[in-house]
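Given these sequences and hints, build the entire structure.
So the chains spell out like this:
Protein chains: 6
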Amino acid sequence: MMTNQREVIMQKSGIKQNVETFLSCDKPYHEADTVIFGAPFDSTTSYRPGTRFGSRAIRAESYGLESYSPYQDKDLEDIAVFDGGDLELSIGRVDLALEAIEAYTAQVLAEGKRPVMLGGEHLVTLGAVRAAAKAYPELAVIHFDAHADLRQEYLGATLSHATVIRRVWDILGDGRIHQFGIRSGEREEFRWAAAGRVAMHKFDLQGLEETIAALKGRPVYFTLDLDVLDPAVFPGTGTPEPGGLSFMELLQAIFKLKDLTVIGADLVELSPVYDQSGVSTAAACKLLRELLLAIS
Amino acid sequence: MMTNQREVIMQKSGIKQNVETFLSCDKPYHEADTVIFGAPFDSTTSYRPGTRFGSRAIRAESYGLESYSPYQDKDLEDIAVFDGGDLELSIGRVDLALEAIEAYTAQVLAEGKRPVMLGGEHLVTLGAVRAAAKAYPELAVIHFDAHADLRQEYLGATLSHATVIRRVWDILGDGRIHQFGIRSGEREEFRWAAAGRVAMHKFDLQGLEETIAALKGRPVYFTLDLDVLDPAVFPGTGTPEPGGLSFMELLQAIFKLKDLTVIGADLVELSPVYDQSGVSTAAACKLLRELLLAIS
Amino acid sequence: MMTNQREVIMQKSGIKQNVETFLSCDKPYHEADTVIFGAPFDSTTSYRPGTRFGSRAIRAESYGLESYSPYQDKDLEDIAVFDGGDLELSIGRVDLALEAIEAYTAQVLAEGKRPVMLGGEHLVTLGAVRAAAKAYPELAVIHFDAHADLRQEYLGATLSHATVIRRVWDILGDGRIHQFGIRSGEREEFRWAAAGRVAMHKFDLQGLEETIAALKGRPVYFTLDLDVLDPAVFPGTGTPEPGGLSFMELLQAIFKLKDLTVIGADLVELSPVYDQSGVSTAAACKLLRELLLAIS
Amino acid sequence: MMTNQREVIMQKSGIKQNVETFLSCDKPYHEADTVIFGAPFDSTTSYRPGTRFGSRAIRAESYGLESYSPYQDKDLEDIAVFDGGDLELSIGRVDLALEAIEAYTAQVLAEGKRPVMLGGEHLVTLGAVRAAAKAYPELAVIHFDAHADLRQEYLGATLSHATVIRRVWDILGDGRIHQFGIRSGEREEFRWAAAGRVAMHKFDLQGLEETIAALKGRPVYFTLDLDVLDPAVFPGTGTPEPGGLSFMELLQAIFKLKDLTVIGADLVELSPVYDQSGVSTAAACKLLRELLLAIS
Amino acid sequence: MMTNQREVIMQKSGIKQNVETFLSCDKPYHEADTVIFGAPFDSTTSYRPGTRFGSRAIRAESYGLESYSPYQDKDLEDIAVFDGGDLELSIGRVDLALEAIEAYTAQVLAEGKRPVMLGGEHLVTLGAVRAAAKAYPELAVIHFDAHADLRQEYLGATLSHATVIRRVWDILGDGRIHQFGIRSGEREEFRWAAAGRVAMHKFDLQGLEETIAALKGRPVYFTLDLDVLDPAVFPGTGTPEPGGLSFMELLQAIFKLKDLTVIGADLVELSPVYDQSGVSTAAACKLLRELLLAIS
Amino acid sequence: MMTNQREVIMQKSGIKQNVETFLSCDKPYHEADTVIFGAPFDSTTSYRPGTRFGSRAIRAESYGLESYSPYQDKDLEDIAVFDGGDLELSIGRVDLALEAIEAYTAQVLAEGKRPVMLGGEHLVTLGAVRAAAKAYPELAVIHFDAHADLRQEYLGATLSHATVIRRVWDILGDGRIHQFGIRSGEREEFRWAAAGRVAMHKFDLQGLEETIAALKGRPVYFTLDLDVLDPAVFPGTGTPEPGGLSFMELLQAIFKLKDLTVIGADLVELSPVYDQSGVSTAAACKLLRELLLAIS
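Protein chains in written order, with my numbering: chain A, 2 to 297; chain B, 2 to 297; chain C, 2 to 297; chain D, 2 to 297; chain E, 2 to 297; chain F, 2 to 297.
What the hints contain is simulated information worked out from the structure, not anything from laboratory work. Among the hints, a few may not be true.
Since copy identity is lost for identical chains, a pair holds within one copy or between any two.
[What the hints assert, rightly or not] Derived pair list, reagent style DSSO-like, types lysine-lysine, alpha-carbon separation capped at 27 Å:
(1) Lys-203 <-> Lys-257
(2) Lys-203 <-> Lys-75
(3) Lys-203 <-> Lys-259
These numbers were taken from a predicted model, which means no experiment stands behind them.
The structure is reproduced here in structure tokens:
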């Protein structure tokens with residue numbers, strides 16, 4: 002709740018300046034082993050835009066959350082997380098935006114820290130994975146999503162929220178991407194996946210434990226499109242797709258990630274304007290807290 | 002998503018006119034075997050009005066949905082559905098509105114096509130069933146709803162959203178109506194049902210498989226009051242009644258309808274203004290897609 | 002629905018005055034065995050205020066609910082409930098507000114009636130428990146909540162929504178408080194509880210049946226912080242905490258209370274402005290109806 | 002603000018019941034010279050329904066208003082107003098609803114009191130005018146509105162919010178109706194008015210002083226369709242029509258009514274769901290206060 | 002209101018299909034002298050996106066408006082307007098989107114018809130002006146807006162809603178652009194304008210009559226950024242800028258356009274999701290009606 | 002717009018941390034002559050709470066505003082303003098909160114800087130004036146507000162948003178307070194003011210120029226309750242009071258303040274949750290920009 006949310010910078014006169022961070026993620030950069038940053042970008046969103054405000058909302062609304070997790074019996078105050086705020090990304094210049102994300106991620110990785118990016122739309126994942134794949138050639142990706150995101154092209158664009166995992170495949174190749182919860186896409190995407198390109202687990206999280214066991218010890222990037230949740234739980238997103246996970250199903254899955262070597266992660270597709278109850282943002286905040294605690 | 006949603010009508014000059022239909026339901030009438038139409042009527046709604054905007058919202062928001070169903074591995078583009086737009090119904094003249102619905106439904110049935118009506122409040126079902134019962138004297142009705150809708154009279158009116166299934170019983174008589182999910186009504190309605198007039202399955206969908214088995218081969222009209230869903234899933238309705246079905250429970254039930262001869266159907270009681278997240282409309286869109294694919 | 006919701010007061014001239022009460026809870030005070038009243042107070046709310054409008058919303062929106070419960074096969078019209086409207090409480094004078102609540106509750110108890118208070122924030126429970134503990138020295142408390150509310154102090158205040166159950170413990174002492182559904186708090190609160198002060202059942206309702214069996218015959222006060230529900234079901238609250246109960250889980254638990262001697266109860270933390278779909282208020286109304294029927 | 006809003010009914014035991022009325026309009030019926038009542042009816046609304054919740058919202062939100070008017074230097078506590086609550090009107094049975102309104106109004110008039118009705122849609126005015134015209138054969142009507150409401154028939158119905166003033170003309174005949182602010186209608190309505198049937202003042206309030214001077218001493222019914230206000234001021238209505246009055250223009254006009262013999266009045270067409278800021282309801286509350294003070 | 006809104010296409014069987022158009026703008030293309038079309042594009046919006054839904058909302062909400070204007074004593078049914086629906090524009094491919102708009106506009110102009118485009122963000126104007134400037138080398142532009150839109154570059158992009166009028170100047174050169182109502186921009190934009198590049202009228206519409214007199218007989222393109230209105234009147238826009246025009250000021254200005262040869266026009270920057278009262282869309286609808294009547 | 006909004010703090014590694022400030026108010030404290038800070042407190046709000054989120058919303062939404070004012074031809078980048086973020090104030094402990102505000106204000110004043118406080122409710126002004134009156138014994142106060150705020154006591158509390166100016170009078174005494182725009186209060190407040198205690202200018206800003214002339218050279222504290230604006234312009238406030246100032250009337254008044262020695266100021270009573278269009282916050286942002294430019 003009310004304490005520890007903001008980093009306090011002492012000024013000569015005793016006057017402080019408050020800095021908004023996620024919960025108690027106010028460690029100095031050089032002490033941190035995890036770095037949160039926002040990627041406020043939604044230029045390729047085809048239906049309802051607005052995820053550009055996602056990271057800002059998560060930071061602001063984290064005020065209503067405790068830093069302690071009774072599920073994991075851990076506290077954010079015990080781990081070292083730096084919140085770097087939001088990147089300034091060019092709206093409409095997709096290439097520039099992805100380059101900026103890649104550069105930031107590469108810098109964080111180069112200093113031996115773990116990047117955790119807050120979207121924005123799902124395309125931002127491509128920038129982070131580009132950096133991660135260079136740093137970790139053996140990289141595998143675990144992808145939770147309602148949508149396959151495996152199109153070759155969408156509305157004439159090859160860089161799009163609807164093609165992002167296909168672009169990740171361009172980098173990683175066959176068998177390195179593990180999808181869960183997929184319940185929407187073109188027939189062609191499902192066929193392409195079924196041909197062995199990616200390991201697609203439809204509709205729910207069945208097979209997650211086997212996947213985790215198989216990936217043990219390998220560097221893993223975890224990308225969480227929050228619309229994998231049912232819209233009842235998470236209405237604040239651009240393309241709500243009924244029939245998704247319950248909050249507890251997703252939470253239990255996140256706990257299992259502690260058995261993996263998660264070298265980077267993201268949470269994307271929160272669009273706060275479509276949920277004026279704030280419930281979607283509260284869910285994103287709690288999932289971020291639990292993810293940070295699980296992978297630290 | 003963005004393609005195939007709108008029927009394109011060529012004009013002399015090469016200028017097109019884009020017409021809004023539900024998803025890719027843009028087949029010409031004479032080729033279609035299923036006909037969608039809207040019945041924007043809510044004059045007898047006793048609590049929160051607004052279902053008159055339901056069919057329009059479904060059409061507009063279908064933009065966010067794919068035409069392909071990974072659940073059934075079928076695509077709307079493979080079936081022949083014509084979307085006739087909304088009927089023009091008289092607000093406040095219940096009889097005229099029901100007559101217009103009956104006439105339209107009768108015409109569609111007479112040409113060997115299957116009508117699928119989008120409400121509007123539940124009373125619109127009466128118009129469609131009147132036509133269906135004339136065309137199919139052996140008609141049975143499967144009714145999913147939170148509310149029994151079995152009152153003899155409501156606020157002095159015999160034609161009302163709260164009496165509609167009783168009026169359907171007036172036409173069909175004992176044992177032809179199968180209700181599921183009922184969790185609200187007057188004590189008297191439950192007693193009347195329990196006396197054998199209708200087969201009422203309270204609270205959930207237990208008994209659906211047996212009912213479907215028993216009705217195999219018979220002409221069935223399926224009326225889906227969307228408030229059978231839990232308000233967490235479907236807040237955009239006039240009279241939210243907590244304790245309802247999950248989206249997946251309803252979806253699984255719809256898949257089972259493929260074993261029946263569904264000669265007509267409706268989805269009613271979406272009131273979009275009460276759900277500004279759009280999640281309720283998204284649920285209605287997806288259920289309509291799956292219903293069309295299941296019964297074709 | 003439309004009938005019996007309002008108490009009708011005859012005037013000399015035949016002109017009536019329609020008065021808004023909860024559903025058909027329009028019995029005269031002297032005939033009632035249960036007394037509903039509102040406590041519109043939220044001065045210590047630390048995050049999103051607004052529960053001061055909770056009781057008013059429950060009364061207004063009860064219009065959409067039936068008085069009959071098909072779950073319990075009972076009707077509110079068969080029991081004797083008086084709705085006393087809202088108390089006038091001083092905003093910002095916590096002590097005065099609690100005194101007013103205590104006095105009203107004491108009066109109701111003194112006349113052998115059962116008080117059922119509608120919040121307001123959770124601190125209002127303290128006023129009612131003070132009166133109840135005086136009337137029933139053997140009092141036990143059953144507490145459903147997402148939050149532990151066991152802080153010794155919060156932002157310098159000992160009287161706060163975040164300390165309320167600790168203050169109840171000050172009155173009752175060890176082993177008299179039974180918490181269920183708790184999924185949020187400071188680490189310190191969980192440790193204090195685990196030291197045997199209160200019986201805390203984390204995350205869900207496991208152990209409820211054993212608790213009820215153990216408390217049979219003892220006077221019990223039941224305090225229901227509605228945020229024990231998952232925010233998907235109940236977004237209209239000040240501090241939404243994902244991962245809570247489903248509506249049916251809570252409803253089933255309420256039915257079990259009929260085996261107890263519930264001498265008083267409350268429903269708190271509905272903040273209607275955060276749920277403009279009205280679904281949260283509808284849930285509160287239905288839970289209140291079922292609670293009244295279960296404990297009568 | 003917080004005081005005097007609710008009528009307090011003493012109970013034997015000292016327990017009070019707080020009853021919600023408009024502001025301090027809590028005089029007993031027999032002492033009152035003005036009687037407020039609600040007519041929650043919107044069955045003929047052709048576009049966005051919801052005015053059925055108008056009177057309830059005015060009562061609830063009056064809490065935020067003072068009883069004293071610095072404009073008129075008068076206080077509601079100095080005048081004698083009884084608030085009779087809402088009538089129970091049949092949704093969908095237009096005739097029955099109008100009869101109930103007429104009967105209530107006639108009773109109030111028969112006892113020498115002044116009725117002030119809160120809509121509901123504009124058609125409710127017809128019920129009140131029927132009673133007023135019987136009681137006062139010389140009745141004139143002053144009508145503020147964005148819409149002419151002069152159709153002979155609308156969607157096949159002669160009783161409609163779009164025909165209500167034409168129906169009033171059926172009763173009163175030529176030259177007795179004075180319209181102000183009209184800025185919307187069919188061409189035919191404007192032509193019919195221009196033929197001398199009614200005195201229509203288009204767009205604004207020009208001519209109001211002359212009309213008031215001419216009607217001095219005659220019994221006048223004042224019907225205020227709140228959509229005469231600009232939607233910037235009053236968005237909460239079914240058919241917003243930009244280009245209307247400012248709040249102060251309307252307020253100044255209401256002050257001028259004190260020179261007339263207003264024997265009855267109404268405020269109609271507030272639809273609170275379309276203005277979740279509450280500003281429209283606040284405007285209605287303040288106009289009602291000033292109207293009551295001006296005509297008393 | 003309810004009639005004439007939809008074009009009815011007869012089918013063989015007598016079954017009609019209702020097509021949604023703006024009000025009664027349902028003339029066939031070859032008979033029309035004005036062509037409405039939507040440009041649902043907002044990819045360069047830097048603050049709050051959502052204007053992509055503007056044209057759709059105008060069409061849907063025109064249902065609440067009359068086709069007759071009492072201001073101009075003209076009726077939309079008397080003029081010949083074809084509504085071509087929305088273009089399908091590539092999100093994120095600015096060049097492709099502008100080319101599609103230019104091509105459509107060029108076609109309409111080539112057939113001697115007047116294009117009226119509904120945005121979408123303001124950048125869409127560039128596509129239309131490109132076509133118009135080719136068809137009419139003497140073209141002048143009248144530009145109503147809160148924002149100067151005169152940046153040379155914005156966030157690294159030369160094609161942006163913030164640079165659009167500068168790009169129009171690239172085509173037309175000095176002295177051909179007449180801006181009104183401008184109240185926001187960088188200092189540099191105001192200085193550039195003041196250097197004589199464009200005729201900028203700050204804050205309001207002063208000088209409009211002189212401009213119209215000077216442009217009489219010349220081909221004029223009129224671009225109306227609706228945020229020139231005060232946000233009180235028009236909250237539904239991406240970048241609300243207080244201190245703008247009243248609705249009546251803008252309406253009076255539109256009437257004056259009848260003295261010009263308006264060969265094309267647009268209304269842009271309606272973002273309906275930010276005004277859930279619908280008042281902004283209602284304003285856009287009425288302004289479109291009056292504009293069509295004024296320039297026909 | 003997008004640039005200059007956030008202060009960038011260099012970290013060793015080249016990684017930056019973004020700090021959220023109002024627009025380009027990112028000067029270091031020791032260089033600043035004006036200090037912005039937030040006072041997120043609303044514990045005594047009697048009607049609709051929520052102003053605790055006002056200062057945060059102003060900071061976040063300033064993103065949509067330019068730093069340049071075409072009205073004053075000045076730019077925020079040219080002046081030296083430090084944004085100190087929000088104070089941490091105790092909810093429910095009025096005395097502690099006021100002490101914290103007083104201490105902060107005193108510190109800023111002691112270092113020769115000008116404090117500009119963002120509310121929060123109006124009571125926060127008392128803390129600031131306490132400090133200002135000690136630093137400047139000749140202090141006068143200019144107060145813009147819809148409400149008189151002159152009660153001696155409210156609901157048993159002497160410290161309240163409804164008594165704040167009376168408490169300021171306790172400090173300053175007769176003739177030092179100049180109120181403008183007052184249109185709501187108890188009769189008693191208006192009488193007390195009229196007795197010469199304060200100079201109350203009712204309803205509008207008449208007399209402002211004379212007041213400014215009279216106060217020239219004297220230290221002035223300016224307190225702006227934003228609800229002095231009409232709710233059409235500013236719906237996002239706790240107690241909307243129709244009939245207020247237009248935005249331009251208020252803006253013109255603020256320009257006039259440049260002739261005064263404003264030693265401190267505040268903007269209070271923005272409650273963003275009640276205006277989901279964001280228009281109220283946009284108005285507050287623009288007024289703050291213009292105020293900072295006028296008084297620097």
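Structure versus earlier hints - violations, ascending order: none
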